[in-house]
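Enquirer: Each chain, written out:
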Amino acid sequence: MNRRHALRHIALISGGLALIPSCDFSKDDILAAYKNLKVTASQKALLAAISDTIIPAGEIKGALDLEVPDFILVMVNDCFTKENQEKFTAGLTAFPDYVKESKGKKYNELSTKEKEQLILDAAKLEGDDSEEGKRKAAIVYFLNSTKRFTIQGYMASEYIQTEIIPYSLIPGEYNGAVLITDLQKPRING
Amino acid sequence: MANLNIRSKQERTYQAIVIGSGISGAWAAKEFCDLGVKTLMLERGRNVEHIKDYPTTNLLPYEFPHRNQIPQEIQEANPVISRCYAFREDAMHFFVKDTDHPYVQEKPFDWIRGYQVGGKSLLWARQVQRWSDFDFDGPARDGFAVDWPIRYKDIEKWYSHVEKFAGVSGFKDGIPHLPDGEFLPGYELNVVEKYFAEQLKKHYGNDRHMISARCAHIHGNAEYYAQQGRAMCQNRNLCQRGCPFGGYFSSNSSTIPWALKTGNLTLRPDAVVHSIIYDEEKGKATGVRIIDRLTKETEEFYADVIFVNAAALNTNAILLNSTSNRFPNGLGNDNGLLGKFVAFHNYRARVSGEYEGHSEFTTSGGRPTSGYFPRFRNVYKQETDFLRGYAAGFSASRGVGPDTSGIGMDLKNSLLNPDKYGPWRVGSHMMGETIPKETNFVALDPNQKDEWGMPQLRISVDYDDNDEKMVKDYIEQMTEMFTKAGFTNIQSADSKQAPGLDIHEMGGVRMGKDPKTSLLNANHQLHAVPNVYVTDGASMTSTSTQNPSLTYMAFAARAAHHAVAESKK
Ligand SMILES: Cc1cc2nc3c(=O)[nH]c(=O)nc-3n(C[C@H](O)[C@H](O)[C@H](O)COP(=O)(O)OP(=O)(O)OC[C@H]3O[C@@H](n4cnc5c(N)ncnc54)[C@H](O)[C@@H]3O)c2cc1C
Ligand code: SF4
Chain V
0 MNRRHALRHI ALISGGLALI PSCDFSKDDI LAAYKNLKVT ASQKALLAAI SDTIIPAGEI
60 KGALDLEVPD FILVMVNDCF TKENQEKFTA GLTAFPDYVK ESKGKKYNEL STKEKEQLIL
120 DAAKLEGDDS EEGKRKAAIV YFLNSTKRFT IQGYMASEYI QTEIIPYSLI PGEYNGAVLI
180 TDLQKPRING
Chain R
0 MANLNIRSKQ ERTYQAIVIG SGISGAWAAK EFCDLGVKTL MLERGRNVEH IKDYPTTNLL
60 PYEFPHRNQI PQEIQEANPV ISRCYAFRED AMHFFVKDTD HPYVQEKPFD WIRGYQVGGK
120 SLLWARQVQR WSDFDFDGPA RDGFAVDWPI RYKDIEKWYS HVEKFAGVSG FKDGIPHLPD
180 GEFLPGYELN VVEKYFAEQL KKHYGNDRHM ISARCAHIHG NAEYYAQQGR AMCQNRNLCQ
240 RGCPFGGYFS SNSSTIPWAL KTGNLTLRPD AVVHSIIYDE EKGKATGVRI IDRLTKETEE
300 FYADVIFVNA AALNTNAILL NSTSNRFPNG LGNDNGLLGK FVAFHNYRAR VSGEYEGHSE
360 FTTSGGRPTS GYFPRFRNVY KQETDFLRGY AAGFSASRGV GPDTSGIGMD LKNSLLNPDK
420 YGPWRVGSHM MGETIPKETN FVALDPNQKD EWGMPQLRIS VDYDDNDEKM VKDYIEQMTE
480 MFTKAGFTNI QSADSKQAPG LDIHEMGGVR MGKDPKTSLL NANHQLHAVP NVYVTDGASM
540 TSTSTQNPSL TYMAFAARAA HHAVAESKK
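So the sequences go chain by chain: V and R.
Going by numbering that gives the first Met the number 0, 115 is the number at position 116 of the first sequence; the sequence numbering is gapless.
Going by numbering that gives the first Met the number 0, 431 is the number at position 432 of the second sequence; the sequence numbering is gapless.
Among these hints, one or two may not hold up.
As the list claims (entries may be wrong) - For lysine to aspartate or glutamate, the following EDC-like pairs were computed, each having C-alpha atoms within a straight-line distance of at most 16 angstroms:
1) R:Lys152 - R:Asp179
2) R:Lys512 - R:Glu353
3) V:Lys60 - V:Glu162
4) V:Lys105 - V:Glu115
5) V:Lys60 - R:Asp333
6) V:Lys184 - R:Glu222
7) R:Lys163 - R:Asp179
8) R:Lys295 - R:Asp449
9) V:Lys81 - R:Glu75
10) R:Lys468 - R:Glu565
11) V:Lys112 - R:Asp409
12) V:Lys81 - R:Asp278
13) R:Lys419 - R:Asp402
14) V:Lys34 - R:Glu72
15) R:Lys419 - R:Glu355
16) R:Lys483 - R:Glu353
17) R:Lys380 - R:Asp141
18) R:Lys283 - R:Glu72
Treat the hints as calculated values from the structure; they're not laboratory data.
All chains, please: the whole structure from these sequences, using the hints.
Expert: Have a look at this one:
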């Protein structure tokens, strides 16, 4: 989706004026577009890098090309409860340290394989009531939400729904007994 | 002339006034207009013109900023309406927000409303099943409420009349307590739904049925509907946005444009009806007082006959607010029963499961309906420890999804080539008849008013022991039927949802034979004020299990013809 367009919708719906964030990541300003979240430009960049790991570009565009990070933040900002927003941002905030501790490097210094493994592993962390356990639980929550919204924002994007798997407003007459073997479709290579 | 806005009394006089432009009101207006009656339809909400005012109808999923989810802030501010399944980003502009129109809940009641031209007809799920005498006989046979003053024979031809015009698809199923109607070709059940229907036959003989639900969609043959400007349903299943094809029946796509075309209808949106004017000398109602929604100015309109179709509870509110020396407790309320004996449908329980069989099949395309399980409890005689019974919705579906466990290119390829078929999922929800009681009532709040200075409605409606037993029985029986059919992973849930969320609230101005125990006679006229008719859910003496709107339509059409015949006498 065109981000400017999306933000205009949001502004209309929330009745507020959404500011379009600058793309200058040199200053770590809190992004005003997501008024319920305290997310900085560098955190958004990290989120972008994670969504790029989840659905990378290839023959077909990836999550970053479709501005999925913006979609994720819009959803967290508008559709999460306050409690879940806090959990999400706590996880996002804790993530860089977690990466440092477990890999000794920053996220964007890792290879693609390492990034993928790191995210799969981190999503399996087990939390408990201790401070450390809560931190782990927040990381898991953050990564699961990010993955879910990355998939949703990617699949329900204009690009996918018009160019790759066109969405039809008119699905056709119902057939209540279709043999699955009759439904072979050409394979789409990502 | 001092004020150009004050039009002469003559200009504000019509032959008939209809209050409310939803499913029932627009039917009354259409019949009047077809019979040459100059009709004014008063509607509190804004105008919604077919197609033109359906802003989301052709939006694609990615055009909804939250992919159809309602933002948290709106949900928190509007807890009642947020519980309605159809209150989503694509249709939220057609629902009343809690914050805009407050009411008093003496007991929890989810009051779901649509205030606009077309009312809730834009939003409804279009399920239309006829009543039978097994329903009309209910109160008399089982000793609750009062006897209905009418029977199936009184309403049968009116069912046919409204079905033909609205367009109802279905099959002739030959079930005595769910009469067949004037049907367009039905929508086939899918392979697992048919399997379940066969299993019911096998295990229960001819007692329990599962059929394709009759629905108000144009299917198979659209030629007749071209004159209404409507076309075949395209199976989009986006009906709650308003349908650009007019594929389903709504006041906006069908009865209102039809009535306007006759030249006999004046549609007045933004007219909040305050009360009905009663003339003591003439001994009848002479008009209606409104408050303009936007200017808040009061205006009066006059007519020989007045139809109140503001949807069940608002019809009660208008009559309660129509006080005079003759009727200090509300219009026609000599017996003090106005607002009482309110009932609804018990939609609390669900049973779901999975089916491993027929695994080589799936479905394609779309359909606007699903399966319907007519009532089987206590139909011919009392056989359980609760009165009446329940119908149920039923559907089987099968989804294909991607494997989302991976990451990177693996995940991406799997998302773009979904091929993971789960088992068939089967689900059912109950639709139980509730027993109208004097203790379930609505009244006007003595203190709290709304933005237009109208008293807020107080709602005091609750479940009773009969409902609890019915929930239990539905869960037991449906679980047994699912088990016998070989379904697995069977789960049941009692949502304990508040009354109201069924959106089938009824009663308060019930029909009956005796003016001492009812408000309306067999022709839907107030016993005490015969030129005022009520033909929406407020008039219901009992609730049956069937979705009620088809019956409101038939009532409205029948009563309009009665009123015209009376005026010629
Ligand atoms: C999501 C959903 C699904 C549903 N599914 C089904 C179904 O499958 N089958 C079924 O039979 N029913 C269904 N219903 C219920 C159905 O919509 C109602 O039974 C039906 O609309 C009632 O018709 P009505 O004319 O009485 O009221 P409405 O259609 O609600 O119309 C009443 C009109 O009166 C207006 N009004 C109210 N007060 C005033 C006033 N003071 N002055 C002027 N105007 C006023 C309102 O603004 C409204 O436009 C469903 C409802 C919803 C919301
Ligand atoms: S399912 Fe039919 S009626 Fe509903 S929106 Fe689609 S075409 Fe219109």
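Enquirer: All hints, please: hold or fail.
Expert: Outcome of the hint check:
A C-alpha spacing of about 14 angstroms is found between Lys152 of chain R and Asp179 of chain R, which places the hinted pair at or below 16 angstroms, so the restraint holds. Restraint check for Lys512 of chain R and Glu353 of chain R: the C-alpha separation of about 49 angstroms exceeds 16 angstroms, so the hint is violated. The straight-line distance between the Cα atoms of Lys60 of chain V and Glu162 of chain V is roughly 11 angstroms, inside the 16 angstroms bound, and the hint therefore holds. Proposed proximity of Lys105 of chain V and Glu115 of chain V is supported: the alpha carbons are some 14 angstroms apart, at most 16 angstroms.
Simply put, Lys60 of chain V and Asp333 of chain R have alpha-carbon atoms about 72 angstroms apart, too far for the 16 angstroms limit, and the pair is violated. Between Lys184 of chain V and Glu222 of chain R the alpha-carbon distance is near 36 angstroms, which puts this suggested pair outside the 16 angstroms criterion. Simply put, Lys163 of chain R and Asp179 of chain R have alpha-carbon atoms about 13 angstroms apart, close enough for the 16 angstroms limit, and the pair holds. Of the pairs offered as hints, the one joining Lys295 of chain R and Asp449 of chain R holds, with about 12 angstroms between alpha carbons and a cut-off of 16 angstroms not exceeded.
With a C-alpha separation of about 11 angstroms, the suggested pairing of Lys81 of chain V with Glu75 of chain R holds against the 16 angstroms cut-off. Straight-line distance between C-alpha atoms of Lys468 of chain R and Glu565 of chain R comes to about 45 angstroms, which puts the hinted pair past the 16 angstroms bound. Straight-line distance between C-alpha atoms of Lys112 of chain V and Asp409 of chain R comes to about 12 angstroms, which keeps the hinted pair within the 16 angstroms bound. Pair hint Lys81 of chain V plus Asp278 of chain R does not hold up; C-alpha atoms about 57 angstroms apart against a cutoff of 16 angstroms.
The suggested pairing of Lys419 of chain R with Asp402 of chain R holds, with an alpha-carbon distance near 7 angstroms, which does not exceed 16 angstroms. Between the alpha carbons of Lys34 of chain V and Glu72 of chain R the distance comes to roughly 12 angstroms, so the proposed pair stays at or under 16 angstroms and holds. Restraint check for Lys419 of chain R and Glu355 of chain R: the C-alpha separation of about 14 angstroms stays at or below 16 angstroms, so the hint holds. Distance restraint check for Lys483 of chain R and Glu353 of chain R: the Cα-Cα separation of roughly 13 angstroms lies within the 16 angstroms cut-off, and the hinted pair is therefore satisfied.
Distance restraint check for Lys380 of chain R and Asp141 of chain R: the Cα-Cα separation of roughly 9 angstroms lies within the 16 angstroms cut-off, and the hinted pair is therefore satisfied. As the CA atoms of Lys283 of chain R and Glu72 of chain R are separated by approximately 48 angstroms, the hinted pair breaks the 16 angstroms bound.
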